[in-house]
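Q: Each chain is listed here by its residues.
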Amino acid sequence: MTDPLTLRLQHLILATLKLDDVRPEELPVDEPLIGSPRFGLDSLDALELVLAIEHEFGVKIGSSEESRSALGSVNTLAAYLRTHAPGL
Amino acid sequence: MNAPAAVPRNPGPSWGYGFLLWAERWWPRWFFRPVLLAGTGVALAFMPVQRAHSRAYLAVVLGRPATLTEVWRHFFALADSLVFSLRAARGVPVRCVLAPEHAAAFETLVRSSRPALFGTFHFGGSDLLGYLLSERGRRVTIIRLQVGNSTDTRLLGERFGHQVSFLWINDPARLLFDLKAALEAGESLALKCDRLEYSARSEPFRFLGANRLFPFTIYHLALLFDRPVVFCIAVQETARDQLRVHASPVFTPDPAADRAANTRAARRHFQGVLDQLETLVRAHPFLWFNFIPLNPAATGGTLPPDSPPIQPACHSERSAESTAASPAPGANPWILRCAQDDNRMRGAD
Numbered sequence: 000m001t002d003p004l005t006l007r008l009q010h011l012i013l014a015t016l017k018l019d020d021v022r023p024e025e026l027p028v029d030e031p032l033i034g035s036p037r038f039g040l041d042s043l044d045a046l047e048l049v050l051a052i053e054h055e056f057g058v059k060i061g062s063s064e065e066s067r068s069a070l071g072s073v074n075t076l077a078a079y080l081r082t083h084a085p086g087l
Numbered sequence: 000m001n002a003p004a005a006v007p008r009n010p011g012p013s014w015g016y017g018f019l020l021w022a023e024r025w026w027p028r029w030f031f032r033p034v035l036l037a038g039t040g041v042a043l044a045f046m047p048v049q050r051a052h053s054r055a056y057l058a059v060v061l062g063r064p065a066t067l068t069e070v071w072r073h074f075f076a077l078a079d080s081l082v083f084s085l086r087a088a089r090g091v092p093v094r095c096v097l098a099p100e101h102a103a104a105f106e107t108l109v110r111s112s113r114p115a116l117f118g119t120f121h122f123g124g125s126d127l128l129g130y131l132l133s134e135r136g137r138r139v140t141i142i143r144l145q146v147g148n149s150t151d152t153r154l155l156g157e158r159f160g161h162q163v164s165f166l167w168i169n170d171p172a173r174l175l176f177d178l179k180a181a182l183e184a185g186e187s188l189a190l191k192c193d194r195l196e197y198s199a200r201s202e203p204f205r206f207l208g209a210n211r212l213f214p215f216t217i218y219h220l221a222l223l224f225d226r227p228v229v230f231c232i233a234v235q236e237t238a239r240d241q242l243r244v245h246a247s248p249v250f251t252p253d254p255a256a257d258r259a260a261n262t263r264a265a266r267r268h269f270q271g272v273l274d275q276l277e278t279l280v281r282a283h284p285f286l287w288f289n290f291i292p293l294n295p296a297a298t299g300g301t302l303p304p305d306s307p308p309i310q311p312a313c314h315s316e317r318s319a320e321s322t323a324a325s326p327a328p329g330a331n332p333w334i335l336r337c338a339q340d341d342n343r344m345r346g347a348d
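These protein sequence lines map, in sequence, to chains A and B.
For the record, in the first sequence the residue sitting at position 62 is 61 according to numbering that gives the first Met the number 0, with numbers rising by one throughout.
For the record, in the second sequence the residue sitting at position 97 is 96 according to numbering that gives the first Met the number 0, with numbers rising by one throughout.
In isolation and in its complexed conformation, chain A is listed as follows:
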């Protein structure tokens, strides 16, 4: 069963990137978000997603290295948020 934070992230990603034809549960949680042929985000997607995450969770993603790591997959993003926003 998908945990609430992961599900929230899946919704957020789909809404931010306007992936209207994908259902949240279809969004793989362990596939790379950046550079994947199947689900490859470009840099503007990444930028938009980072802004949405900052707005939604109040967590600043402070460097390119952090964001590369955080946006590795839905799971890594959830782990990043748990680390940086312990209340989640």
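Rather than coming from a laboratory, the hints here were simulated on the basis of the structure.
A partial selection of chain A residues facing chain B, derived with a Cβ cut-off under 7 Å:
1) D41
2) S42
3) S62
4) S63
Computed from a predicted structure; not experimentally measured.
For every residue, glycine included, the Cβ atom is placed at its ideal position computed from N, Cα and C.
Once you've looked at the hints, dock chain B against the given chain A.
A: Structure of chain B alone, referenced to chain A:
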């Protein structure tokens, strides 16, 4: 200012810029100009790739095969523009005259405190716009690909350094956050929007008789960060050290409209900008300083000159992904590809 990583270089000898700078300053014009003319001939002879791209571009603009003399004039216009920039860089005052169309709105924006995105193209004296904006009191961050032997950029940066900073795109891993930081800090950005190489999002627009792909990233940034967009295209009048600047209307995202409506408005705006550019390109065909293949036709169709704005078919990496056109193998997905660069005659490799 971020530090550049990989630094390509312009073709030509390493001493070329320094020599031009020195010769232009110390040689009398009656002697310098013939040397520049002859040097252009040498460049023409030793740059077959750029020569071919120039010929292909001129054939499109002129509607007939270009003569060798016309290709030489194209090369010479670039040399002349470079000398113009070098003169500005060494402190020769350059007068900036705004064409009346859209001038009032442009001046209002430039003199306001609102951060903005300033777009331009590799055309005429547009390289100097960032610096001239700074002379109007507008601090601006210029997004550029740094090349190893661009003396004019270095000198211009030194001259206008109090008002101008650079955001180098050579290090794509850092670019995203440097750009975000600049925008969040309220800086204005200046970037060129004609070359596809650094564009994450390109879309087809009517230009020079076809439906051609152009970078559209500047508008995505405008919508993400709620910034107005204005384009400026400058035609240099080298004999008078003067730039005639043609401003576009100002595009301002509408906070009351949704993203789709704003994007449609942005597309209409950019089509208007490109129409304006095309008028200038046809009037001054040798001032198009892209010695690379002309922006490719998106669908292969040719549009009539008075056709209405095309229906955009987003050509972003993401939308293309559904048709298996994912980023090229080895491509760095972090590159935010909408930038100006100072690699003037790329393609010589």
